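**Q** Residue strings, one per chain:
Protein chains: 2
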Amino acid sequence: MLSKDLINKLHDFLPAEAVLHETEDLRPYECDGLSAYRQTPMIVVLPQTESQIIQVLQLCDATKTPVVARGAGTGLSGGALPHAEGILMSLAKLNRILTLDPFARTARVQPGVRNLAISDAAKPFGLYYAPDPSSQIACSIGGNVAENSGGVHCLKYGLTVHNILKLRVLTIAGEILEIGGDGLDSAGFDLLALMTGSEGMLGIVTEITVKLNPIPEKAQLVMAAFDNIEKAGNAVANVIAAGIIPAGMEMMDKITIHAVEAFLHAGYDMNAQAILLCESDGTSEEVADEITRINAIMKASGATNISTSRNEAERLSFWAGRKAAFPAAGRVSPDYYCMDGTIPRKHLAQVLSGIEALSEEYGLRCMNVFHAGDGNLHPLILYDANTPGELEKTEEFGAKILEMCIHAGGTITGEHGVGMEKINQMCTQFKSNELEIFHGVKAAFDPQGLLNPGKAVPTLHRCAELGAMHVHRGAEKFPDLPRF
Amino acid sequence: MLSKDLINKLHDFLPAEAVLHETEDLRPYECDGLSAYRQTPMIVVLPQTESQIIQVLQLCDATKTPVVARGAGTGLSGGALPHAEGILMSLAKLNRILTLDPFARTARVQPGVRNLAISDAAKPFGLYYAPDPSSQIACSIGGNVAENSGGVHCLKYGLTVHNILKLRVLTIAGEILEIGGDGLDSAGFDLLALMTGSEGMLGIVTEITVKLNPIPEKAQLVMAAFDNIEKAGNAVANVIAAGIIPAGMEMMDKITIHAVEAFLHAGYDMNAQAILLCESDGTSEEVADEITRINAIMKASGATNISTSRNEAERLSFWAGRKAAFPAAGRVSPDYYCMDGTIPRKHLAQVLSGIEALSEEYGLRCMNVFHAGDGNLHPLILYDANTPGELEKTEEFGAKILEMCIHAGGTITGEHGVGMEKINQMCTQFKSNELEIFHGVKAAFDPQGLLNPGKAVPTLHRCAELGAMHVHRGAEKFPDLPRF
Numbered sequence: 001m002l003s004k005d006l007i008n009k010l011h012d013f014l015p016a017e018a019v020l021h022e023t024e025d026l027r028p029y030e031c032d033g034l035s036a037y038r039q040t041p042m043i044v045v046l047p048q049t050e051s052q053i054i055q056v057l058q059l060c061d062a063t064k065t066p067v068v069a070r071g072a073g074t075g076l077s078g079g080a081l082p083h084a085e086g087i088l089m090s091l092a093k094l095n096r097i098l099t100l101d102p103f104a105r106t107a108r109v110q111p112g113v114r115n116l117a118i119s120d121a122a123k124p125f126g127l128y129y130a131p132d133p134s135s136q137i138a139c140s141i142g143g144n145v146a147e148n149s150g151g152v153h154c155l156k157y158g159l160t161v162h163n164i165l166k167l168r169v170l171t172i173a174g175e176i177l178e179i180g181g182d183g184l185d186s187a188g189f190d191l192l193a194l195m196t197g198s199e200g201m202l203g204i205v206t207e208i209t210v211k212l213n214p215i216p217e218k219a220q221l222v223m224a225a226f227d228n229i230e231k232a233g234n235a236v237a238n239v240i241a242a243g244i245i246p247a248g249m250e251m252m253d254k255i256t257i258h259a260v261e262a263f264l265h266a267g268y269d270m271n272a273q274a275i276l277l278c279e280s281d282g283t284s285e286e287v288a289d290e291i292t293r294i295n296a297i298m299k300a301s302g303a304t305n306i307s308t309s310r311n312e313a314e315r316l317s318f319w320a321g322r323k324a325a326f327p328a329a330g331r332v333s334p335d336y337y338c339m340d341g342t343i344p345r346k347h348l349a350q351v352l353s354g355i356e357a358l359s360e361e362y363g364l365r366c367m368n369v370f371h372a373g374d375g376n377l378h379p380l381i382l383y384d385a386n387t388p389g390e391l392e393k394t395e396e397f398g399a400k401i402l403e404m405c406i407h408a409g410g411t412i413t414g415e416h417g418v419g420m421e422k423i424n425q426m427c428t429q430f431k432s433n434e435l436e437i438f439h440g441v442k443a444a445f446d447p448q449g450l451l452n453p454g455k456a457v458p459t460l461h462r463c464a465e466l467g468a469m470h471v472h473r474g475a476e477k478f479p480d481l482p483r484f
Numbered sequence: 001m002l003s004k005d006l007i008n009k010l011h012d013f014l015p016a017e018a019v020l021h022e023t024e025d026l027r028p029y030e031c032d033g034l035s036a037y038r039q040t041p042m043i044v045v046l047p048q049t050e051s052q053i054i055q056v057l058q059l060c061d062a063t064k065t066p067v068v069a070r071g072a073g074t075g076l077s078g079g080a081l082p083h084a085e086g087i088l089m090s091l092a093k094l095n096r097i098l099t100l101d102p103f104a105r106t107a108r109v110q111p112g113v114r115n116l117a118i119s120d121a122a123k124p125f126g127l128y129y130a131p132d133p134s135s136q137i138a139c140s141i142g143g144n145v146a147e148n149s150g151g152v153h154c155l156k157y158g159l160t161v162h163n164i165l166k167l168r169v170l171t172i173a174g175e176i177l178e179i180g181g182d183g184l185d186s187a188g189f190d191l192l193a194l195m196t197g198s199e200g201m202l203g204i205v206t207e208i209t210v211k212l213n214p215i216p217e218k219a220q221l222v223m224a225a226f227d228n229i230e231k232a233g234n235a236v237a238n239v240i241a242a243g244i245i246p247a248g249m250e251m252m253d254k255i256t257i258h259a260v261e262a263f264l265h266a267g268y269d270m271n272a273q274a275i276l277l278c279e280s281d282g283t284s285e286e287v288a289d290e291i292t293r294i295n296a297i298m299k300a301s302g303a304t305n306i307s308t309s310r311n312e313a314e315r316l317s318f319w320a321g322r323k324a325a326f327p328a329a330g331r332v333s334p335d336y337y338c339m340d341g342t343i344p345r346k347h348l349a350q351v352l353s354g355i356e357a358l359s360e361e362y363g364l365r366c367m368n369v370f371h372a373g374d375g376n377l378h379p380l381i382l383y384d385a386n387t388p389g390e391l392e393k394t395e396e397f398g399a400k401i402l403e404m405c406i407h408a409g410g411t412i413t414g415e416h417g418v419g420m421e422k423i424n425q426m427c428t429q430f431k432s433n434e435l436e437i438f439h440g441v442k443a444a445f446d447p448q449g450l451l452n453p454g455k456a457v458p459t460l461h462r463c464a465e466l467g468a469m470h471v472h473r474g475a476e477k478f479p480d481l482p483r484f
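Heads up: the protein sequence lines correspond to chains Z and F, in order. No gaps in the numbering here: position 157 of the first sequence is 157 in UniProt numbering, and each next residue is one more. No gaps in the numbering here: position 14 of the second sequence is 14 in UniProt numbering, and each next residue is one more.
Here chain Z stands alone, though its shape is the one from the complex:
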């Protein structure tokens, strides 16, 4: 349908200010947090109620118009990149916390509610919402569901999927699905997990019931410096092997330490090749016991320098450097490219050496700062977009890192999703019959393929054109890591 006709029809049920179509009004929506990909949408709509969303979806369904949902636009894989001939639906105005039940420890919220706003609302009851992506001040819970977001604390508290109970979802036909329940299990196929992380391709979420946790009585942080990155990797394994599940376990390499120290003066050990931050939370007794054990393991693993936070101010200052790693990267390089891949913990040291070798090969620096406990890497490739060819080199370097993750038995995404960014790597990770199952599931919800088309799951045609090498479960087939 022509843009003009669609706009007219949208005006039947949306106020004028909720339908954007002038170029300058569309501009802010042309990309999400992955700004390397940009596309102006045909129309942006800003519904304020579920019934308006239903009408938009019914119109899209009837006119075969693609529709892309957008939360706060902080996503890092281009999942909310608009479609040139489609409607971009911002859910920002659905931003109410509908109920908060401190007894059941749940909150029912709209998708546009900011992640941190849930914890703020729960705080007076001594509760909080556990998943804490770095963007938690800005990112929306709807976007978290779409990407199955994690965060520093997901090692102990799980990803978004582990922290939600129910979803209210609209299909492309505008029909309501109520998914999940208050119990541990629910009857029928597990649509709650299927929907979580489906990147807006199966339905539009209009309500989320999240679990709330009691705020831990105490949290304490051990900072351990190592003169060798392999020793730091082994320390991670040793903590886990001792049966400890830290609230967070983060690693920074030398280049990251230097970048953040120059920026923040957090007191990090500048001689270290790697720093581990390992947090314990719980009752005072639990924390005291766990911190003693973590200290002993760090020492036995060869840490050259170990500090334990003595109070809340010190704990936050130890964290400050880690949390400022991205802005610090922005200070030491005109541009950076944040990768996201996951590997089994046992391959940490090998994969980090592999990244170092690639860094030399491409002549590009790479900062490694990541969720070590769950093997979720976030290499930041530093580059200058104004140097001709450097963006292309960066993308090639990044793609090789992801292939290395697959070779190591890992996956091409840890918590940022596939979106537009990693769609080609999906051809590498999955076989064609596995991709066909994904397409079949998609068709069960969205037979015309109108919800966020072209994202997350590549067509078989695309994969064939790429001639993608299938190195599925590469670790078993190619034991000599790293490969690139």
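These aren't lab readings, by the way, just hints derived from the structure by calculation. As the structure is a computational prediction, the values presented were derived from the model and not from experiment. There may be inaccurate statements among the hints.
[Stated by the list, open to error] Straight line, CA to CA, 25 Å or less: simulated BS3-like cross-link-like pairs of lysine-lysine:
#1 F:156 - F:123
#2 F:156 - F:231
#3 F:431 - Z:166
#4 Z:156 - F:4
#5 F:400 - F:346
#6 F:231 - Z:346
#7 F:346 - Z:211
#8 F:254 - F:166
#9 F:254 - Z:156
#10 Z:218 - F:218
#11 Z:400 - Z:431
#12 Z:123 - F:393
#13 F:211 - F:166
#14 F:218 - Z:156
#15 Z:218 - Z:93
#16 Z:346 - F:123
#17 F:156 - Z:211
#18 Z:93 - Z:166
#19 F:211 - F:231
#20 Z:218 - Z:166
Chain F: place on chain Z using the hints.
**A** Then chain F, alone, in the frame of chain Z:
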């Protein structure tokens, strides 16, 4: 295809003893743990290798022959009930533990491995597999995946879906899908959760990679007696509200206490209206701290009698009564019917009163023994199949209990699955557009509908014929519980 022709084709790749078709050979397979439903299959096959399974599936696919997978046959909802014109595929001979990696804390096992055999194999490494259905001595891990089984400890350690990392699955076309990964998240739609609990309707699992946990250093049990079931229900809520997640929290009502005490002489308080068993596990320090807090909460909640296990022998003897509840029911009644429904914990007392009222109405006794911590009820209706009409009354009573669970905002299954038993209640729990999504997902994996047809997800036609009342999310619509 005629049975004779199928048998001939099966003999092309299966040895004679792996293809059963004489009536007396088929008899042991005519039901699973839900013996009220019986059906002789056309043929039983006992493959020993994955390639044999692939050939069976390709034959079924080509000849449009239904195929029902069976593990140990301990399921309680008739999920493995054979199809009269189909092949029953026993996976009992695929019973090898393929790898056990104590460093990664995983084991890769075949579907016919018994649940407890995994923990036995892991024990020398100080590890165990957490989900512990009551049938764990006999039930197979493949069946656990099919039903997403729980157990006494799932409140703290989760259901099967939370304790597996990867599945190797065959589609009805005999194609291999490798699902899941070592990391927390995986790319694409979450097929691991979708497959878990899908009751053999989406594929045949040939390998399962399970997580292993360190065996807790210590476990200790608090047994608290109450003179009023409502007080016991509130004690459950108070423990959870204090931020404690017990390793297990089980409740028994008076009729159960008397039945097991007569059987076992476990030392239970015969004056109690309800007994709570609340377990803590972890390091000695953690357990000591938690047990002190649990004791205080039980006292404040009005317990009339509190005992804490002083040693491992005493802990096991406190548990013995709970574990013997089903055999005890068998002693006090010729037959019993074990129900399985889940409700929000806050409605425990109300639903238990509702069950009591139904018990009087139907003139049938009902024992309540259940996973109180996660609101998973297991009412045991006591009846005599030889009394004309009593089985029918029992089934009607059971159906009303499940409807009450839905009214309370719960679900018709906690951990036993839907299978054949609760297929009509699915019409009550789900709306037709939600059932259509289930059918769409099923079709993505099994377009001809050959995998375990007629189970778990009812056809819309069946629901229409039942004239099922749709009381979806009844708790919100009908706040005055209980309803029946």
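**Q** Now, for every hint given, state plainly whether the structure supports it.
**A** So, going through the hints one by one against the coordinates:
| no. | hint | in the structure |
| --- | --- | --- |
| 1 | F:156 - F:123 | holds, 20 Å |
| 2 | F:156 - F:231 | holds, 23 Å |
| 3 | F:431 - Z:166 | holds, 16 Å |
| 4 | Z:156 - F:4 | violated, 56 Å |
| 5 | F:400 - F:346 | holds, 20 Å |
| 6 | F:231 - Z:346 | violated, 49 Å |
| 7 | F:346 - Z:211 | holds, 15 Å |
| 8 | F:254 - F:166 | violated, 43 Å |
| 9 | F:254 - Z:156 | violated, 39 Å |
| 10 | Z:218 - F:218 | holds, 23 Å |
| 11 | Z:400 - Z:431 | holds, 19 Å |
| 12 | Z:123 - F:393 | violated, 50 Å |
| 13 | F:211 - F:166 | holds, 10 Å |
| 14 | F:218 - Z:156 | holds, 21 Å |
| 15 | Z:218 - Z:93 | violated, 36 Å |
| 16 | Z:346 - F:123 | holds, 22 Å |
| 17 | F:156 - Z:211 | holds, 15 Å |
| 18 | Z:93 - Z:166 | holds, 21 Å |
| 19 | F:211 - F:231 | violated, 37 Å |
| 20 | Z:218 - Z:166 | violated, 30 Å |
Hint compliance for this structure: hints 4, 6, 8, 9, 12, 15, 19 and 20 are broken, all remaining hints hold.
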